[in-house]
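Can you make the complete structure from the sequences, with help from the hints?
Chain by chain, the residues run as shown.
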Amino acid sequence: MEILMSILAGTLFAAGVYLILQKQLLKIVLGTALLSHGAHLFILTMGKLNRGKPPILIEGVKNYTDPLPQALILTSIVISFGVTSFLLVLAYRTYQSNKTDMMDQLRGTDDE
Amino acid sequence: MLHIYILLPFLAALLIGLAAKKVDRIHTGWFVLPVPAVLFILFISKLPILAEGKIVQSIANWIPSLDIQLSFYLDGLSMLFSLLITGIGSLVVLYSIFYLSKKEQLVHFYVYLLLFMGSMLGVVLSDNVFVLYTFWEFTSISSFLLIGFWFYRERSTYGAQKSMLVTVFGGLAMLGALILLSITAETNSIREMIANRSDIMESDLFIPILLLLLIGAFTKSAQFPFHSWLPDAMEAPTPVSAYLHSATMVKAGIYLVARFSLIFSGTDVFFIIVSGVGLITLCLGSILASRQTDLKGILAYSTISQLGMIMTMLGFGTGIATLAAIFHIFNHATFKGSLFMIAGIVDHETGTRDIRRLGGLYTFMPISATLAFFGAFSMAGIPLPIFNGFLSKEMFFDSSLKLEQTSGFAGTFAEWIPLLAVIGSIFTFVYSMYLVFGTFTGKAKLDQLEKKPHEAPIGMLISPIILIGFVVLIGLLPNLINESILAPAVVSVTGDYAQIHLKFWHGLNGPLYMSLIVVAIGTILALTLKRWQPIYNRVPGKFSTDRIYQSIVNGLLSFSSKFTKFYMTGSLRLYTSIILVFLVLATSIFIYVTDGFKIAFDDLAPVTWPEVLVGFVMAVAAIATIWMTQRIAAIIVIGVVGYGLSLLFVFFRAPDLALTQLIVETITVALFLLCFAHLPKLKKSDKKPSEKLVDFVIAASTGALLTIVAISAHSSKFFESISKYFVDNSYKLGGGDNIVNVILVDFRGLDTLFEIAVLGLAALGIYAMIKYRDKGDMNP
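Heads up: the protein sequence lines correspond to chains A and B, in order. Read left to right, the first sequence gives residues 1 to 112 (full-length UniProt numbering). Read left to right, the second sequence gives residues 1 to 780 (full-length UniProt numbering).
These are calculated hints, taken from the structure and not from any lab test. Incorrect hints may have been included.
Stated by the list, open to error - List of simulated lysine-lysine pairs, DSS-like, C-alpha gap at most 25 Å: (1) K771(B) with K99(A); (2) K102(B) with K21(B); (3) K23(A) with K684(B).
Model, not experiment: these values are computed from the prediction.
Here it is, written out as structure tokens:
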């Protein structure tokens, strides 16, 4: 299962990267969302999948699934949510101000 | 103990600004003066210890894991330099109090000067080569700051940059040599390197080490072909020129060669390179000095030439040559330091340093003039027993006649050395006479001067008087410093030393004839200088090292600007691609080289159909996002991936993740819907097929790399997981049953705090972007 999940994470990553390399801002935002999904799956697979009970202590149970990747991912989900929403609003604002959402037309100013 | 000596100037540099703020009636220099003066006395008080043949040392750990210790030791050679640094330092600070007016940025000046003093002490006292290197670069930096002290002058910044580029280039070469040395000798300590010198001498790296080390020494000591930074460094205030660019910093290269002499000296390569470059520098410097019109320009080329002479003697490596070199380091500091100070006085009192506009100043400033005559006669080596410069020059001639190399190329080369020594000395005689007679005798051209010249204030004269006092005193009684200072220094350079008694009269012998030839031809040339000086203008400038330096700098600048323009196109897409390609290449090469890829099938969770099905759907949905042209469809497929992931979390027994992912995904989808309404439609990509192919390759390889890393990470477990700790202690220490929650809010509580901070920042950013949307600019 871990190997299949690694391949899935790789697929999500590949799709995310492809989208990031596109010109339209929207696609880039979608790409980052896919990237974070891929990364979460990646972290989860690094631990072991499906060994023992969910990590909630119960009398008499010795084996639990690795709680550490889960804690990392939980933090990461929240942060990637923040980033995605920020990017979305940024894309929206950029479009409002510049009337375009194509990356090659958004090139900054010359004096940078 | 030595640590405190080195630290003292740095501490003073920190405090000097405060003192200057509090008391602005008193010249800042008066606060600085005690530092070198006290250090000078402290170093003098160590002389008896050295006389017994012992050394002073102190060690403190700095980076023990790299075997880098702040270990310092004071032997004869370090003592000579320390006395020069602190002694000349005191005189220069005293002189500068009268030279620099209170309107200048005095705090800056003295902070730089103290930084230099501390670093220079560090250079000559360090035992650890890497500590030495650090201080070495510090001296380059403080020299840069001091040359650029009058930063609003274009010549100053040019000179500062040039000295920095040349000396730091040499410093890097030297670092290379030091690293090779520490590998070859398996130690970072200079003394241990010298003790293990047979390892280094037999190593294949002997020649590269020697060459790199010499590049460092030659750039610092302005030897040919790296000499051209020193004349440009004369834009510094005159006290700095007297201190850094004649008495101390430029002798750091000499120090380096002397310090490592025990390892390299005696080989033909060392002899030919060091003496050869030294002789070229001696002759070239003195010949070029005779054409300068700026007083400090003459002195700069003269310094180059004198350093060349010292370098030559170190190249000889014989006992008498080394003694002469050490003696001349001392003598040069006295007469050249005083000449620089007089040049500063002339500049100060007349408003110019151009020798063509000067003349006849003897009647206006008799004391300065007398001092200058003593200094210049000593430099020229006039055979009178009151000039210390004559004594060391005589020994130079003597040692050039007594070279031991008898065979091969080195032998042939050795036979020509006395001739070159005489030629260099003739021109030294010529520019010395040109310098003083041109300035102080002849007809005064008062109409060409900005001010009416008069004698300098007594404060400015004290320092040169003391230095000239030494010139005469040592000239009369050379053995005064022979046993206490010179002999221990020679021992540190050559290892052993047979006592040589210094005296003026050796009878009618070779060296004396050479001196007389120098004086005779020198006098003729000096008298006819005006007639043959135009010859200099016939030499084409194409070959000057100045031009070569300039074309290298220009070439570097245009290359780097072209190279930067090539990849800094302003396209974020290109940047992302470059970063990703580099990531993929670097990681995969590393995996390939270290054989890092592992795949293990023995410890896998069983494959179950629901999970596979969900995963398959997610993969299809993720790939499908690429071709979506409908906004709503794009949201749906991205939602499929997100919700699929939360399902997977359920399967993989991560209830908290599943819940969070569900909520976050729902909000995200809502947000997408909100924003998409205001955004333009998705367009079909208008890229060329070749561009698409490039994108595809980058994306696919990044994905493949992630898969490989994930599989390898899963298959190779090098350490026991630390998760057990959290499972065991979740209830005991955190008081909670839900282990993930306990980790987040308790064990890693700070991480969560920062996570909340990130969310808060994102929220603030979003708020700002929406709030100010109608005003047209982001700045409220």
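Status of each hint after checking the structure:
1. K771(B) with K99(A): Within the cut-off at roughly 19 Å; holds.
2. K102(B) with K21(B): OK: K102(B) and K21(B) at ~13 Å, within 25 Å.
3. K23(A) with K684(B): Roughly 10 Å between the alpha carbons, so the hint for K23(A) and K684(B) holds.
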